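S.K.: Chains as they are written, first to last, in the numbering used here: chain A, 1 to 267; chain B, 1 to 267; chain C, 1 to 267.
The reader is advised that the hints may include incorrect statements.
The list treats identical chains as interchangeable, and a pair is accepted whether it falls inside one copy or across any two copies.
Computed list of lysine to any residue pairs in SDA-like fashion (alpha-carbon distance at most 25 angstroms, straight line) [to be verified]:
1. K68 - K208
2. K216 - D115
3. K6 - L251
4. K208 - I144
Worth flagging that the hints you see were computed from the coordinates, not collected in a lab.
Just so it is clear, the structure is predicted and the values come from calculations on it, not from any experiment.
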Amino acid sequence: MNYDLKNLPERTTKPRQYGFTMAMDKGLSIREAEDFVSMCADHVDIVKLGWATSFVTPRLKDKLKVFKEAGLPTYFGGTLFEAFVIRDQFDDYRRLLDKFDMSFAEVSDGSIDLDHDKKCDYIAKLSEQVTVLSEVGSKDADKIIPPYMWIDLMQKELDAGAWKVIGEAREGGNVGLFRSTGEVRSGLVQEILTKIPFEKIIWEAPQKAQQVWFIKLLGANVNLGNIAPEEVIPLETIRLGLRGDTFLHFLGIEKKNTNTAPPFEID
Amino acid sequence: MNYDLKNLPERTTKPRQYGFTMAMDKGLSIREAEDFVSMCADHVDIVKLGWATSFVTPRLKDKLKVFKEAGLPTYFGGTLFEAFVIRDQFDDYRRLLDKFDMSFAEVSDGSIDLDHDKKCDYIAKLSEQVTVLSEVGSKDADKIIPPYMWIDLMQKELDAGAWKVIGEAREGGNVGLFRSTGEVRSGLVQEILTKIPFEKIIWEAPQKAQQVWFIKLLGANVNLGNIAPEEVIPLETIRLGLRGDTFLHFLGIEKKNTNTAPPFEID
Amino acid sequence: MNYDLKNLPERTTKPRQYGFTMAMDKGLSIREAEDFVSMCADHVDIVKLGWATSFVTPRLKDKLKVFKEAGLPTYFGGTLFEAFVIRDQFDDYRRLLDKFDMSFAEVSDGSIDLDHDKKCDYIAKLSEQVTVLSEVGSKDADKIIPPYMWIDLMQKELDAGAWKVIGEAREGGNVGLFRSTGEVRSGLVQEILTKIPFEKIIWEAPQKAQQVWFIKLLGANVNLGNIAPEEVIPLETIRLGLRGDTFLHFLGIEKKNTNTAPPFEID
Numbered sequence: 001m002n003y004d005l006k007n008l009p010e011r012t013t014k015p016r017q018y019g020f021t022m023a024m025d026k027g028l029s030i031r032e033a034e035d036f037v038s039m040c041a042d043h044v045d046i047v048k049l050g051w052a053t054s055f056v057t058p059r060l061k062d063k064l065k066v067f068k069e070a071g072l073p074t075y076f077g078g079t080l081f082e083a084f085v086i087r088d089q090f091d092d093y094r095r096l097l098d099k100f101d102m103s104f105a106e107v108s109d110g111s112i113d114l115d116h117d118k119k120c121d122y123i124a125k126l127s128e129q130v131t132v133l134s135e136v137g138s139k140d141a142d143k144i145i146p147p148y149m150w151i152d153l154m155q156k157e158l159d160a161g162a163w164k165v166i167g168e169a170r171e172g173g174n175v176g177l178f179r180s181t182g183e184v185r186s187g188l189v190q191e192i193l194t195k196i197p198f199e200k201i202i203w204e205a206p207q208k209a210q211q212v213w214f215i216k217l218l219g220a221n222v223n224l225g226n227i228a229p230e231e232v233i234p235l236e237t238i239r240l241g242l243r244g245d246t247f248l249h250f251l252g253i254e255k256k257n258t259n260t261a262p263p264f265e266i267d
Numbered sequence: 001m002n003y004d005l006k007n008l009p010e011r012t013t014k015p016r017q018y019g020f021t022m023a024m025d026k027g028l029s030i031r032e033a034e035d036f037v038s039m040c041a042d043h044v045d046i047v048k049l050g051w052a053t054s055f056v057t058p059r060l061k062d063k064l065k066v067f068k069e070a071g072l073p074t075y076f077g078g079t080l081f082e083a084f085v086i087r088d089q090f091d092d093y094r095r096l097l098d099k100f101d102m103s104f105a106e107v108s109d110g111s112i113d114l115d116h117d118k119k120c121d122y123i124a125k126l127s128e129q130v131t132v133l134s135e136v137g138s139k140d141a142d143k144i145i146p147p148y149m150w151i152d153l154m155q156k157e158l159d160a161g162a163w164k165v166i167g168e169a170r171e172g173g174n175v176g177l178f179r180s181t182g183e184v185r186s187g188l189v190q191e192i193l194t195k196i197p198f199e200k201i202i203w204e205a206p207q208k209a210q211q212v213w214f215i216k217l218l219g220a221n222v223n224l225g226n227i228a229p230e231e232v233i234p235l236e237t238i239r240l241g242l243r244g245d246t247f248l249h250f251l252g253i254e255k256k257n258t259n260t261a262p263p264f265e266i267d
Numbered sequence: 001m002n003y004d005l006k007n008l009p010e011r012t013t014k015p016r017q018y019g020f021t022m023a024m025d026k027g028l029s030i031r032e033a034e035d036f037v038s039m040c041a042d043h044v045d046i047v048k049l050g051w052a053t054s055f056v057t058p059r060l061k062d063k064l065k066v067f068k069e070a071g072l073p074t075y076f077g078g079t080l081f082e083a084f085v086i087r088d089q090f091d092d093y094r095r096l097l098d099k100f101d102m103s104f105a106e107v108s109d110g111s112i113d114l115d116h117d118k119k120c121d122y123i124a125k126l127s128e129q130v131t132v133l134s135e136v137g138s139k140d141a142d143k144i145i146p147p148y149m150w151i152d153l154m155q156k157e158l159d160a161g162a163w164k165v166i167g168e169a170r171e172g173g174n175v176g177l178f179r180s181t182g183e184v185r186s187g188l189v190q191e192i193l194t195k196i197p198f199e200k201i202i203w204e205a206p207q208k209a210q211q212v213w214f215i216k217l218l219g220a221n222v223n224l225g226n227i228a229p230e231e232v233i234p235l236e237t238i239r240l241g242l243r244g245d246t247f248l249h250f251l252g253i254e255k256k257n258t259n260t261a262p263p264f265e266i267d
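Looking at chain A on its own, in the form it has when it is part of the complex (with noise of 0.2 angstroms):
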């Protein structure tokens, strides 16, 4: 940090199991990843290549050179590996994940209906493979999970091998976890956390205020995701309390919330 500050939460460091922020490329030049990574490597835990992005990407491979040099972990969004399953092309998606050298992998059902078991032989499959990040939550804004299914869900994806489990929002935070206006379920999102250990939880918050929301509920060092490149250092600033939308809620109750360990265990 460039200059010292008293009484600033306090921040998870790198390797970071939570504190965690996930940025999302959509289409990065090899010389803006590179921009990226020289600004946020520090506060960037891994970056996915949102969606099937990484299917008309020219020289798809320097990209990932750029992101793994940095030390950053990348994956491919959860939309690939849809597409791969629906043309059942599963095990080309495997041949796909060692030919890129990818140590992650997303499994989700966004797009198409997956039976829950098979969803969780993949995860378990992948697992064998790689890292695997699983996503619960439909992008279908009129599909409503009620919590105790999220719970459900989310529990046997983790037992199935999933490293941690997403909360879907999309790019633009408006479905999953969040009503069609942006607003958080909060209802929800405090019910999954009596039953799932917060730190196996990235939340999908694209948006500010619903970053706001998290940070605010949860503290500095709550997993978030579906960050823009050019929206991680302003986060990082929210987590810290040095932007308005935070700046008194760490300095009037910072002692009580913001400790660093996580707010709730595992039950």
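Given the coordinates of chain A, assemble chains B and C onto it according to the supplied hints.
M.R.: For chains B and C alone, coordinates are given in the frame of chain A:
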């Protein structure tokens, strides 16, 4: 493409007569233009320097060179044409096109009142010098043009020598083809297509929901314009059914709707 | 400029006392900062490193150097000043300005409650060290300040030594001068201008509609702030009547409203 996926909609390849993407540059630096072409040259067919941004752009010739060397034609936005015409400087405008070695130009009347015969005269004159794109529709949200009139204007401009006609939407996507909310005037679009050939129209569709709407109605190879540089890769995935929004659409009815032939013939 | 167009509104040139553009950097990389100055150095007068982003910015000195070499002064956002003051670290803040060789600073009370005499003391003290911009208006959407109060606060801060005063709007443009919808509180602006000199105020106006509103009311050479880097070129065209939004405005009434003299004199 970086890997094989079965049953993708067939995309036209360059040089494209349809399936065309027009990107809008509203102030990229030289290096950002280089970054853009490094990622998007295969996915973009033409670049518009938005409205009169060229007036205040440093090193304009160097920027044009970047696009030219990547095989991307460029043109100045129609507002620049209008700025010259309203000042009685049309001859200066023609010299300007020569000075910057432009091979395309846009003729529009989005901000000024221009007698339509006079507009067609400009199209005819400029057609002797460059390839002309002409634009139909007002930038004024209160000016509603009925469908038969859109058709009449488009046909006359094509007859006068326009290579393609553009349906106006502005950078914001909230006028012309769209209601102020950004919603597509769908009856208008469908009525236009009963008379004007599919491949002759470029639809300005800067917002994702608009792109999705056109692609679902008209297939992967609809001509779309006013695409922000960072949205070119995402748009390409939408065209291919590789983003949530069109994922199921292309799987379900792909053999019926996404043939490479344009869905509407010249009448 | 790249070509001649008649009857454009006259723009002030650098160093500008009015017609001033303040851009906001919220996390540009070194190379992005270089790109920015390569396009915008002539069109921007000062760069703000938004709120406390400087705290988490790697290679901060290198970034400041890029702006300095382009002749662009920079300053740290007012939230950083507040972060030091609320922690009783004002002396550390003064040392920080020296350490980074800053010649400008912002004094604000957007996030904290600060007695106004005390705020004026800070302005007076910092004025001995640097050029001070002071900001009036709360970041809190519920805190409505009546016009006579804005005038009183602005006048006292100018008297205390502020070089210019800033009307608060945040990055989002939805508080202070603006209603939560982004609509301008127009009566407020007009009343302020009956007492405070035009050239002494920088209006934060991050949204295009807000920029257009101020330019239509106060002419091409109004001082505007919180402009995103990629909106500097577009803003310059709006000032010149070369974008649809102000195209007719400047043609129709240009001789009456866009003289280079500020429209309001110091009373």
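S.K.: Compare the structure with each hint and give your call.
M.R.: Evaluation of the provided hints:
no. : hint        : verdict
1   : K68 - K208  : neither (28 angstroms within a copy, 31 angstroms between copies)
2   : K216 - D115 : neither (36 angstroms within a copy, 27 angstroms between copies)
3   : K6 - L251   : within (10 angstroms within a copy, 55 angstroms between copies)
4   : K208 - I144 : both (23 angstroms within a copy, 23 angstroms between copies)
Checked against the numbered hints above, the structure breaks hints 1 and 2 and satisfies the rest.
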